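For the protein sequence lines, the chains are A and B, in the order given. Numbering follows our numbering, with no gaps: position 79 of the first sequence is 79. Numbering follows our numbering, with no gaps: position 297 of the second sequence is 702.
Everything labelled a hint here was simulated from the structure, so no lab data went into it. Be aware that one or more of the hints could be misleading.
Stated by the list, open to error - Derived lysine-lysine pairs resembling DSBU-like cross-links, with alpha carbons at most 35 Å apart:
1) A:Lys49 with A:Lys317
2) A:Lys113 with B:Lys628
3) A:Lys227 with B:Lys943
4) B:Lys469 with B:Lys556
5) B:Lys576 with B:Lys608
6) B:Lys596 with B:Lys576
7) A:Lys153 with A:Lys317
8) B:Lys556 with B:Lys630
9) B:Lys630 with A:Lys113
10) B:Lys542 with B:Lys630
11) A:Lys153 with B:Lys469
12) B:Lys556 with B:Lys542
What the hints assert, rightly or not - Covered stretches of chain B, going by a simulated chain A footprint (3 or more residues, C-beta under 8 Å):
13) 746-758
14) 762-769
15) 892-903
16) 932-944
Bear in mind that the values here come from a model prediction, so they are computed numbers and not experimental data. Every residue gets a Cβ at the ideal spot worked out from N, C-alpha and C, and that includes glycine.
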Amino acid sequence: MTRFFAPRTWLAILAVAAVLLVVLPVLHLAVPQGHPLHVSSFWITLIGKFMCYAVVALAMDLIWGYTGILSLGQGVFFALGGYAFGMYLMRQIGHDGVYQSDLPDFMVFLDWKAFPWYWAGTDSFVVALVKIVAVPGLLAFIFGFFAFRSRIKGVYFSIITQAMTFAAMLAFFRNDMGFGGNNGFTDFKRVLGIPITAPGTRTTIYILSGVYLLLALVMCRYIVTSKLGRVLTAIRDQESRLMFLGYRTLSYKLFVWTLAAVMSGIAGALYVPQVGIINPSEMSPANSIEIAIWAAVGGRGTLFGPILGAFAVNGAKSWFTVAFPQFWLYFLGLLFVLVTLFLPRGLMGLFEMLRRRPAVKEQAPEAVEPSVEPQVAAPAPLPATEPVHTQSPSIPPGIAMEGKT
Amino acid sequence: MRAQVFRAQRHDFSLINSRALMFVIVACLLWLAGIASARAALDQSLLVQLGSDDPDVRVAAVRKIGASEDPRATVVLQAVASDALAVTNGRAVIVSDNNLVDAATGEAIGAAPSGLETVVVNNRLRGELDSALAGLKLSSPNRETRLAAAKELQGSDNDDLLPILQGALAKESDPGVKAILQLAAASIGLKSSDVEQRLRAAKALAASDDPQVRQILSTMLTKQKDGSYPEADERVRNAAQGSLDEINRRLRTVELGVSLFTGLSLGSVLLLAALGLAITYGLMGIINMAHGEFLMIGAYATYVVQDLFRSYFPHAFDWYVIAALPVAFAVTAVIGMALERGVLRWLYGRPLETLLTTWGISLLLIQASRTLFGAQNVEVENPSWLSGGIQLAGGLVLPYNRIVILGFALAVLAAVWIVINRTRLGLFVRGVTQNRSMASCTGVPTHRVDMLTFGLGSGVAGLGGVALSQIGNVGPDLGQNYIVDSFMVVVLGGVGQLAGTVIAALGLGSIAKFLEPFSGAVLAKIFVLVMIILFIQKRPQGLFALKGRSAEA
Numbered sequence: 001m002t003r004f005f006a007p008r009t010w011l012a013i014l015a016v017a018a019v020l021l022v023v024l025p026v027l028h029l030a031v032p033q034g035h036p037l038h039v040s041s042f043w044i045t046l047i048g049k050f051m052c053y054a055v056v057a058l059a060m061d062l063i064w065g066y067t068g069i070l071s072l073g074q075g076v077f078f079a080l081g082g083y084a085f086g087m088y089l090m091r092q093i094g095h096d097g098v099y100q101s102d103l104p105d106f107m108v109f110l111d112w113k114a115f116p117w118y119w120a121g122t123d124s125f126v127v128a129l130v131k132i133v134a135v136p137g138l139l140a141f142i143f144g145f146f147a148f149r150s151r152i153k154g155v156y157f158s159i160i161t162q163a164m165t166f167a168a169m170l171a172f173f174r175n176d177m178g179f180g181g182n183n184g185f186t187d188f189k190r191v192l193g194i195p196i197t198a199p200g201t202r203t204t205i206y207i208l209s210g211v212y213l214l215l216a217l218v219m220c221r222y223i224v225t226s227k228l229g230r231v232l233t234a235i236r237d238q239e240s241r242l243m244f245l246g247y248r249t250l251s252y253k254l255f256v257w258t259l260a261a262v263m264s265g266i267a268g269a270l271y272v273p274q275v276g277i278i279n280p281s282e283m284s285p286a287n288s289i290e291i292a293i294w295a296a297v298g299g300r301g302t303l304f305g306p307i308l309g310a311f312a313v314n315g316a317k318s319w320f321t322v323a324f325p326q327f328w329l330y331f332l333g334l335l336f337v338l339v340t341l342f343l344p345r346g347l348m349g350l351f352e353m354l355r356r357r358p359a360v361k362e363q364a365p366e367a368v369e370p371s372v373e374p375q376v377a378a379p380a381p382l383p384a385t386e387p388v389h390t391q392s393p394s395i396p397p398g399i400a401m402e403g404k405t
Numbered sequence: 406m407r408a409q410v411f412r413a414q415r416h417d418f419s420l421i422n423s424r425a426l427m428f429v430i431v432a433c434l435l436w437l438a439g440i441a442s443a444r445a446a447l448d449q450s451l452l453v454q455l456g457s458d459d460p461d462v463r464v465a466a467v468r469k470i471g472a473s474e475d476p477r478a479t480v481v482l483q484a485v486a487s488d489a490l491a492v493t494n495g496r497a498v499i500v501s502d503n504n505l506v507d508a509a510t511g512e513a514i515g516a517a518p519s520g521l522e523t524v525v526v527n528n529r530l531r532g533e534l535d536s537a538l539a540g541l542k543l544s545s546p547n548r549e550t551r552l553a554a555a556k557e558l559q560g561s562d563n564d565d566l567l568p569i570l571q572g573a574l575a576k577e578s579d580p581g582v583k584a585i586l587q588l589a590a591a592s593i594g595l596k597s598s599d600v601e602q603r604l605r606a607a608k609a610l611a612a613s614d615d616p617q618v619r620q621i622l623s624t625m626l627t628k629q630k631d632g633s634y635p636e637a638d639e640r641v642r643n644a645a646q647g648s649l650d651e652i653n654r655r656l657r658t659v660e661l662g663v664s665l666f667t668g669l670s671l672g673s674v675l676l677l678a679a680l681g682l683a684i685t686y687g688l689m690g691i692i693n694m695a696h697g698e699f700l701m702i703g704a705y706a707t708y709v710v711q712d713l714f715r716s717y718f719p720h721a722f723d724w725y726v727i728a729a730l731p732v733a734f735a736v737t738a739v740i741g742m743a744l745e746r747g748v749l750r751w752l753y754g755r756p757l758e759t760l761l762t763t764w765g766i767s768l769l770l771i772q773a774s775r776t777l778f779g780a781q782n783v784e785v786e787n788p789s790w791l792s793g794g795i796q797l798a799g800g801l802v803l804p805y806n807r808i809v810i811l812g813f814a815l816a817v818l819a820a821v822w823i824v825i826n827r828t829r830l831g832l833f834v835r836g837v838t839q840n841r842s843m844a845s846c847t848g849v850p851t852h853r854v855d856m857l858t859f860g861l862g863s864g865v866a867g868l869g870g871v872a873l874s875q876i877g878n879v880g881p882d883l884g885q886n887y888i889v890d891s892f893m894v895v896v897l898g899g900v901g902q903l904a905g906t907v908i909a910a911l912g913l914g915s916i917a918k919f920l921e922p923f924s925g926a927v928l929a930k931i932f933v934l935v936m937i938i939l940f941i942q943k944r945p946q947g948l949f950a951l952k953g954r955s956a957e958a
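Isolated chain B, as found in the complex:
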């Protein structure tokens, strides 16, 4: 009950919207001016015209009936469409189950006489019937019905329907249906023989966000072979041009915003992938080529948690991603710490060997994931609150999962920053990074710190894996796609610099997305890589160079 009240209120509120108000006024004026005849027309004098021998008269009658708002109109037209309407003795009747019903009033007249000729429906008339019926369906309470009807009407050129369409537009609250209705009204209006009508339609189209509108408008404005325009009147053409310009202007703004967003979104993905590496490589100097595989493990952990939720807590399925976060962090952190204690600590000070060993470990992890989960990609489903997105003009969408990941990346970044700069562990980490022996002298358990730092970096990679599982394929090769990118981000940002990592990630993401429309995704990526290689020649220490002694390490 309450929900209905709210909806009603919102509905009222939308009426106050000036554009809607304008439509209402227009509709009312039209209704006052012209509809009176149509309304009065659903009586026998109009209905008998359906039985006329002249097809033009029949078509005109169907149009008028369609435009009337009489509740009988649908019944009558459906009767015509199903060959059940007959005109006998100067009276239109509907045959149902061998009984006759008066078409105008619906009262029973008696048994149907044999040999009654029903109104002949040819293809032309059927088309008219369909659009007239569609117009009537626009007032249906069912959204799907209205949507279908609105689509049906797009192809019609019956300008009697225009007032109905505009009335429906004023009442329509669903944005999807509304967009199609606008389009239908405008395309009918543009085909109207009345110049004023066309002018109004051309102007009204400026408000539309449908991509088809641009096409319709530009078709009107394109010179044909014989030098004439599809639209004869110059004022209408000017109006159409104005509308087209306004639509383009609006679309450009939206597109700019969207490409900025996709750039930031790619940047946030890169940031999540690289943040762990900024710790293990940037702070500790360990070249971990298996870093990508930690992302993969995080993604597979998400997959496992998802399956557990599906089996045991199906009602809480939407929240499995939240539960996957600590799991992924714990799993990757433990594997990372085991790796550090078991293998990497024997290789400190030999970075090239570390590189090869960790590459070997990445191969082992990839093959292990193939053995455990199969070589195929596994399916990780977005929870409902991560699917869908914000609809924008021109059919552009901002997906929720991208928005959430952008926020998530910033949250992880904040958490890492706090750990490094505001906790005891972070203090130790910085101490060991700056001067290991001095830190050791003051009682810092350097080996423990090494282990924990590497665990932290791996765990952050695991968190990145959870995020990646929500936007891409989860398979054994997931990590391989990110390893080069992650290293590029860290190297470009400057080793040991969180701020550099952030700026490099967001910058690289934006540049790649900015180049994409001109060059395509692959070429953009190549270009970015080449740019980084060139940039490193100029500034080998990255964007933010460490100053002082540690820069030499």
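Pulled out of the complex, with its shape left as it was, chain A reads as follows:
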């Protein structure tokens, strides 16, 4: 366990976790509204949402940053988890819908008389929990099995994941699918019989999201520091060499791909009750690509980077879409261009560079000449023996930098 996190890193993680998971909820629940220290439900929902995004960014990092598989379908798994839990939430509405029917409003609207077969068991919380894991996991497993078995890799894989995303979005936009079509699921009332908008419920889900993020972080750290993690990085850097050495890369890739899908699915399930809606636009290809940029902005191949990236990009999005809605896409587009061109290691790489500058003035890590041989350079040439050597916690950036393991 000594390799896990450096003591100072642990300290920083726990400090941030304490602020986010204890102080903020207390300020939200215990301090009366209007008091300057009161944290409004807006902030609780916003940060809760970001924490779910952060898990997805972590999952993205695991498959892209560490294993070199750029998935453009992470949004689908996120949304599938959300839909799986959303079905349960729809059943919890009971007779309080507009039509006061057994069926959700959109089914009444479509003149359906009974639940379709795949809605069976959706009223059970346990079944919902199983589905949140099973649906994205199974889809990823099947898709990944066939894709990896055919040795589809690199951009090819990215493109077919995008095709999958596109197909899924089109499918969920259809009313006949029985998932609410365009509008998706919304207007939730209860979860486990408790009103969903009550401050207590909201705070509980918020804390659950935070705990989940913490667990995901620890799990990812465990994976990337284990032997499995080494193999994953090796797959990223030289898959064919690894295969010559006798590794069955298929099982490694399939494992990490499915794990990332399940992580995203659970994040989606936590996300839906907080924002109160899930609809097919969550599955749009653009959303899935945005997830990649969260990881890229923070820094691929680090674990704190994607979390930082998810908070930074989505924070910027929330601010821009209110302050300058017409400039958000310019900003996002520039972010894509500039980060890939000038910050291949993201914010984490930038911090490290700034920290090291006084000692040794380093050149920019990336070779800028067009490479003659295509598809050689790894995205972020990190030493494979030491996957994470900047172990600074995400916030604040000034603390503990020494990365001894």
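Since chain A is already given, all that's left is putting chain B on it; use the hints.
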């Protein structure tokens, strides 16, 4: 003058058409057989019947007058309709401005006496009057008048009008009016009390292409609740069944042709969208997620050229699309080359980064087009030679713009093929694709070739944009709708293979259109996507695999 001569000739020519000839013969026979009485009838002995107290007699008189070809018939019937006809002293007269005119001859008789009772027109009589007048209007030289009259007649059951209708049919040259006339003649004929008449009508309907005909025929053949048919005579029913079968057979052939065409048309659109990508991705290996936005820029270039033409050369407006082609090509090619030199060349060999960067560029281009042209779709008008289409049986249409785009796609394809396979640039492109360092050693300016190739691919996308502007909405999101499809086409066809791209595009288009009637457009699209994903598992190199070393790249 000359035009008239031509039209007359064409008219004569159409008379030679056997079907028309048949109608003429039928009409002549009928005319000889029965019309003689009607023709002789437009004299006072018939006209005074309009003043009869018996409504049936009045109706019969109106029908006979309508069927006569006397030039006075219209005047008389209109007079009845406007309450201006009176029967006085055993003579039918028309009151106009307090003067009396003889209804049969039109000669003035003198001042109208006061208290003259005009013929009473009730609703039934008015209906008869309308269809009789419509029958008379069929000989009008005005197309609109004839069309309106033919429509009016569809609801009539006055079989005295039949000979007139058939005579009009024989003379009618306008296909639109003719179709309605046929329908009217047949529907009147089917209501006739004469079995032979009904039989003839049922048989004649086989030639009709109107979708309503099928409905009329199948209504005749549907058993009613009491077990009887609307049509009592079995021979007529058999004839109707025969006609229905023939119409269905003909429609099926046409529909098959049309769906084949729409499939090819969708395929040609996909081809135009994907052809540029086949160059930039297929040959150069650059993942350009902004490819769709080059289509969009091409479409907006068309829009700008259109507006310029509207303002400065309104008389040449029809040709703005032609002018838009080089403009769109130049604009997108320049943007593409700038992109390649400015951004993409730093990312060669890092395809995943290229993907993200170009996605960012696509966002920038989308937002830029919103800033420049607004978030709403802009209106791009089809020039007159691209609007309309070829009318086919059963109300099906082959639009001209689709036909032209099909041809255009093939032309662009040919041009790209020539550039790649027959020019010096193409030779360099192939050389650099196959072995960059060797090409460089032999003096090929590889960086210049990269730039020009990317420019070519982008320019071809711009040309695709011009075509897309003619068939769909032009808005900032235009490119987003095509990007996934374009990549699917290139990936399915096999990277680096023009022939594969063509077959994949046309094949995907046809399959999607073939599935559409069974599943609806969205499900067809999903199905196609899933099929491609499955297919790539089986053949990761696409339909046409590159053989040899470059396949590993």
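Hint by hint, here is what the structure shows:
1. With a C-alpha separation of about 13 Å, the suggested pairing of Lys49 of chain A with Lys317 of chain A holds against the 35 Å cut-off.
2. Between Lys113 of chain A and Lys628 of chain B the CA atoms are separated by roughly 33 Å; this keeps the pair inside 35 Å, and the hint holds.
3. A threshold of 35 Å between alpha carbons decides the hint, and for Lys227 of chain A with Lys943 of chain B the separation of about 32 Å falls inside it, so the pair holds.
4. This hinted pair checks out: Lys469 of chain B and Lys556 of chain B have alpha carbons roughly 21 Å apart, not beyond 35 Å.
5. About 20 Å separates the Cα atoms of Lys576 of chain B and Lys608 of chain B, which keeps this hinted pair within 35 Å; it holds.
6. With a C-alpha separation of about 24 Å, the suggested pair Lys596 of chain B and Lys576 of chain B falls inside the 35 Å cut-off, and the hint holds.
7. Our distance criterion of 35 Å between C-alpha atoms is met by Lys153 of chain A and Lys317 of chain A, whose separation comes to about 31 Å.
8. For the hint linking Lys556 of chain B to Lys630 of chain B, the alpha-carbon distance of about 31 Å falls within 35 Å, and the restraint holds.
9. This hinted pair checks out: Lys630 of chain B and Lys113 of chain A have alpha carbons roughly 31 Å apart, not beyond 35 Å.
10. A C-alpha spacing of about 40 Å is found between Lys542 of chain B and Lys630 of chain B, which places the hinted pair above 35 Å, so the restraint is violated.
11. Restraint check: the Cα-Cα separation between Lys153 of chain A and Lys469 of chain B comes to about 84 Å, which exceeds 35 Å; the hinted pair is violated.
12. Of the supplied pair hints, the one linking Lys556 of chain B and Lys542 of chain B holds, its CA atoms being roughly 11 Å apart against a limit of 35 Å.
13. Counting residues of the segment 746-758 of chain B whose CB falls under 8 Å from any CB of chain A gives 10; the rule of at least 3 is met.
14. Counting residues of the segment 762-769 of chain B whose CB lies closer than 8 Å to any CB of chain A gives 7, so the stated coverage by that chain holds, three being the minimum.
15. Counting residues of the segment 892-903 of chain B whose C-beta sits closer than 8 Å to any C-beta of chain A gives 3, which meets the bar of three, so the coverage hint holds.
16. Counting residues of the segment 932-944 of chain B whose beta-carbon sits less than 8 Å from any beta-carbon of chain A gives 8, enough to reach three: the coverage restraint holds.
When each numbered hint is compared with the structure, violations occur for hints 10 and 11.
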